[in-house]
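Colleague: The primary structure of each chain is shown beneath.
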Amino acid sequence: MSTETIKKSAYRVCETTGLNIFKKAEFFTKANAVLAVIFLLIGGIAALTLALTRWSNVMLLDDVWYYRMITLHGTNMLVFWIIFFEMAILYFASTTLLNTEVFSKALGYISLVLMSVGAIMTNYIILDGQADVMLTSYPPLQAHPLFYLGIILFAVGALVVCFNFFATLYKAKKNKTYEGSMPLVTFGATTAAIIAVVALLHGAAALIPTYFWSMGWAEMMDPGAYRLLWWGLGHHSQQINVAAMVSVWYFIATLSTGAKPLNETVCRGAFILYILFINLAAAHHLLVDPGLSSEWKIWNTSYAMYLAVLASMIHGYTVPASMEVAMRRKGYNKGIFGWFAKLPWKDPGFSAVALSAIIFGFIGGITGVTLGTEQINIMAHNTLRIPGHFHATVVGGTSLAFMGLCYYLVPLIFQKDFYLKKLARIQPWLFGGGIVIMSFGMSFAGTYGVPRRLYDSDFSGANLETGFDSIAHIFLGVLGVGGVIAFTGLLLFIGLIVAAVFFGPSLKGKRMPTWQSEREQKMTDELISKGYEVEGEDYHAKTPGTIGLVIIFLLSFAIYYFANWAALTDLWHIG
Amino acid sequence: MSIFHPKGNWFRYPTGAERLWVGLALAWCLVMSITMPWWHFQGKQNAPQNSYTVEVSDFVGKAFEFAETNKVGEINGVPVAEVEPGGDGYLLGSMWRWYPILKLKKDQTYRIHVSSSDLQHGLSILPINMNIHVLPGYDHVMTITPTTSGEFSIVCNEFCGIGHHTMTGRIIVEE
Ligand code: HEM
Ligand SMILES: [Cu+2]
Ligand SMILES: [Cu+2]
Numbered sequence: 001m002s003t004e005t006i007k008k009s010a011y012r013v014c015e016t017t018g019l020n021i022f023k024k025a026e027f028f029t030k031a032n033a034v035l036a037v038i039f040l041l042i043g044g045i046a047a048l049t050l051a052l053t054r055w056s057n058v059m060l061l062d063d064v065w066y067y068r069m070i071t072l073h074g075t076n077m078l079v080f081w082i083i084f085f086e087m088a089i090l091y092f093a094s095t096t097l098l099n100t101e102v103f104s105k106a107l108g109y110i111s112l113v114l115m116s117v118g119a120i121m122t123n124y125i126i127l128d129g130q131a132d133v134m135l136t137s138y139p140p141l142q143a144h145p146l147f148y149l150g151i152i153l154f155a156v157g158a159l160v161v162c163f164n165f166f167a168t169l170y171k172a173k174k175n176k177t178y179e180g181s182m183p184l185v186t187f188g189a190t191t192a193a194i195i196a197v198v199a200l201l202h203g204a205a206a207l208i209p210t211y212f213w214s215m216g217w218a219e220m221m222d223p224g225a226y227r228l229l230w231w232g233l234g235h236h237s238q239q240i241n242v243a244a245m246v247s248v249w250y251f252i253a254t255l256s257t258g259a260k261p262l263n264e265t266v267c268r269g270a271f272i273l274y275i276l277f278i279n280l281a282a283a284h285h286l287l288v289d290p291g292l293s294s295e296w297k298i299w300n301t302s303y304a305m306y307l308a309v310l311a312s313m314i315h316g317y318t319v320p321a322s323m324e325v326a327m328r329r330k331g332y333n334k335g336i337f338g339w340f341a342k343l344p345w346k347d348p349g350f351s352a353v354a355l356s357a358i359i360f361g362f363i364g365g366i367t368g369v370t371l372g373t374e375q376i377n378i379m380a381h382n383t384l385r386i387p388g389h390f391h392a393t394v395v396g397g398t399s400l401a402f403m404g405l406c407y408y409l410v411p412l413i414f415q416k417d418f419y420l421k422k423l424a425r426i427q428p429w430l431f432g433g434g435i436v437i438m439s440f441g442m443s444f445a446g447t448y449g450v451p452r453r454l455y456d457s458d459f460s461g462a463n464l465e466t467g468f469d470s471i472a473h474i475f476l477g478v479l480g481v482g483g484v485i486a487f488t489g490l491l492l493f494i495g496l497i498v499a500a501v502f503f504g505p506s507l508k509g510k511r512m513p514t515w516q517s518e519r520e521q522k523m524t525d526e527l528i529s530k531g532y533e534v535e536g537e538d539y540h541a542k543t544p545g546t547i548g549l550v551i552i553f554l555l556s557f558a559i560y561y562f563a564n565w566a567a568l569t570d571l572w573h574i575g
Numbered sequence: 001m002s003i004f005h006p007k008g009n010w011f012r013y014p015t016g017a018e019r020l021w022v023g024l025a026l027a028w029c030l031v032m033s034i035t036m037p038w039w040h041f042q043g044k045q046n047a048p049q050n051s052y053t054v055e056v057s058d059f060v061g062k063a064f065e066f067a068e069t070n071k072v073g074e075i076n077g078v079p080v081a082e083v084e085p086g087g088d089g090y091l092l093g094s095m096w097r098w099y100p101i102l103k104l105k106k107d108q109t110y111r112i113h114v115s116s117s118d119l120q121h122g123l124s125i126l127p128i129n130m131n132i133h134v135l136p137g138y139d140h141v142m143t144i145t146p147t148t149s150g151e152f153s154i155v156c157n158e159f160c161g162i163g164h165h166t167m168t169g170r171i172i173v174e175e
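Residue numbers (this note's numbering), protein chains in the order written: chain R, 1 to 575; chain H, 1 to 175.
Source of the hints: derived by calculation from the structure; they are not laboratory data. These figures come from a predicted structure and were not determined experimentally. A few of these clues could be false.
Below are the DSS-like pairs computed for lysine-lysine, each with C-alpha atoms no more than 27 Å apart in a straight line [stated by the list, open to error]:
| # | chain 1 | residue 1 | chain 2 | residue 2 |
| --- | --- | --- | --- | --- |
| 1 | H | LYS7 | R | LYS173 |
| 2 | H | LYS7 | R | LYS174 |
| 3 | H | LYS7 | R | LYS171 |
| 4 | R | LYS330 | H | LYS7 |
| 5 | R | LYS421 | R | LYS542 |
| 6 | R | LYS530 | H | LYS103 |
| 7 | H | LYS103 | R | LYS176 |
| 8 | R | LYS542 | H | LYS7 |
| 9 | R | LYS522 | H | LYS106 |
Based on the sequences and whatever the hints tell you, model everything.
Modeller: In structure tokens, the structure reads:
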């Protein structure tokens, strides 16, 4: 069934890409994206207060509100912002890219209601002071039942979206709305959705019994077992984020530079590695836990994680390599890195994605694999090195990539233009730069042993006094400054998006205004329109610049990794 | 194009620069996969390998008994207990203190049993920055050999309620 037989009113043709945008799916993409940004704002305000509290010379909040805000920040950011946005991506990737309408409108509404009610419930109960348990809610700490119920409802809603997604894929395949294999971006989104189902089932296994316990209907779950199950949710969710982020990288690489995956087999194979090998690696959150054997820890970390690491390292090459090939085709052939300087840095969608790849790879990836080593984890567990790591993955990586996507989503789906484009151009740098500074501050303070989730780094009032080196406090100041810069970037992002979506000039029936020069845009369009007609030609193209970049990456990785082993030898002997 | 479906048969083995990189990346992953188990056998710093399930009340009883019988002093009301070289010591985390203060000798090996009487806690020895997780109902046994002497602090690095940032303890290591 081709689109000809679908009612003309069911979709519109995108003026910029020529793709068909289906009305129902478009509504759900918009609704989920708007909700995502609302929760990003709540999480962002909490973030500012946290950064200003950890900055030990400022200490904005009191202890009660610090612990409350950290719970609020963690849940709104890691759960509500990220997952709502991923739902928007699932709707888009399964409909427009496969040329079909979403499977069920009713399911779409049901999931929206479940997720919104869940998110509001959890936010309410946290702010009401009845759930100061952190995002992880480790028993025996107990929250008000509504805290767990809210997250459960939200998760069920997300599962419904995943079901709707798979049903849409099935429908498209059955109706032959596209030929051959699905596009790479949809393939990546499918990877994310499959991992999401696994993650959410683990979450149900951890949180439903805990909800029963909070209601007094059941015994408390064993704290060790809870951690194992909870991280089945927590860790796998990060793989959803990685798969979704990489899909966005590929998507923006195509739209902004005209890049085309060099080798579909390699790109898709790497996504499959995520599904096959990442799911056992929740071990790296439990490396210094009692109750688990060393064999189990080591096997689950290295066997499973390193093949998934391989997958990310592959994407880290294929994405920039495809851009290098596209740029060289446009004639930017000067030297090894000439093409790199000529990339469309003025396009905030592009610069966000480029920064996302750099921050995710060079900071998030390297620190993550290193800290997730069983022995090195002894020097890192629950210190600020951990948030230092994941603010470079899920914030500087995933969240920044999602922000970049919004610079395309707003003109293409909401059909609105931005105001203040100069500010939009610096927004990714402000946010990304702030996050990098904050992450450095956290990581270095963490090497002095400064804990995460700690109100007072001077331990005032403790019976046995203790404290940290003054250099550690300087790094806490760096954390604070970086946090304020990142918050400014986040607020600017929300301001630009809200102004455009609600008050921006309409782009109905118009092409998306280019972020680049007209000449650049024309070359990009030309590459995109050629699409697969030149399949095979690029295949043997040389990518010396990208090889240079990834070799620098590998060297940095090895240096950081072995430096940590060297530092480990200074510790007392332990076993 | 990542947004269009690829035409025809797109299966291809990687060649050229791409193959080089996949090979290098795989080799690096293997290096890391070998380093970790290698250190497990050869290295001196590994995550504690012994832990047992215990009744919370049993562990609390043992910790108090240990503190009583080995008491050699008191600091700010907290007993200082000396552990026999090669022997077993107990360290109890509870809201919000580490009990008792342990007295050890440099370069001697000890089995220190760590657990919690209430919530989850994080044992963090400063300034050397060694951290392990502590769960109620689990006796987590650290086999440690202090290689430096002096006074070391213990803090808690897992959130355990409003007094979390006042939960401290101490280890004294003599030459
Ligand atoms: C303006 C941007 C942001 C700033 C300034 C910021 C700052 C912070 C700070 C200061 C902490 C507390 C560290 C501690 O005391 O232990 C924190 C924790 C955390 N942040 Fe962010 N953050 C930002 C954005 C995000 C985003 C976008 C996400 C997720 C997508 C995120 C996820 C988390 C998580 C999961 C925690 C840990 C909470 C916990 O320990 O339970 N952050 N952040
Ligand atoms: Cu993980
Ligand atoms: Cu604590």
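Colleague: State for each hint whether it applies.
Modeller: Status of each hint after checking the structure:
no. : hint                  : result
1   : H:LYS7 <-> R:LYS173   : holds, 16 Å
2   : H:LYS7 <-> R:LYS174   : holds, 18 Å
3   : H:LYS7 <-> R:LYS171   : holds, 20 Å
4   : R:LYS330 <-> H:LYS7   : holds, 23 Å
5   : R:LYS421 <-> R:LYS542 : violated, 35 Å
6   : R:LYS530 <-> H:LYS103 : violated, 75 Å
7   : H:LYS103 <-> R:LYS176 : violated, 74 Å
8   : R:LYS542 <-> H:LYS7   : holds, 23 Å
9   : R:LYS522 <-> H:LYS106 : violated, 72 Å
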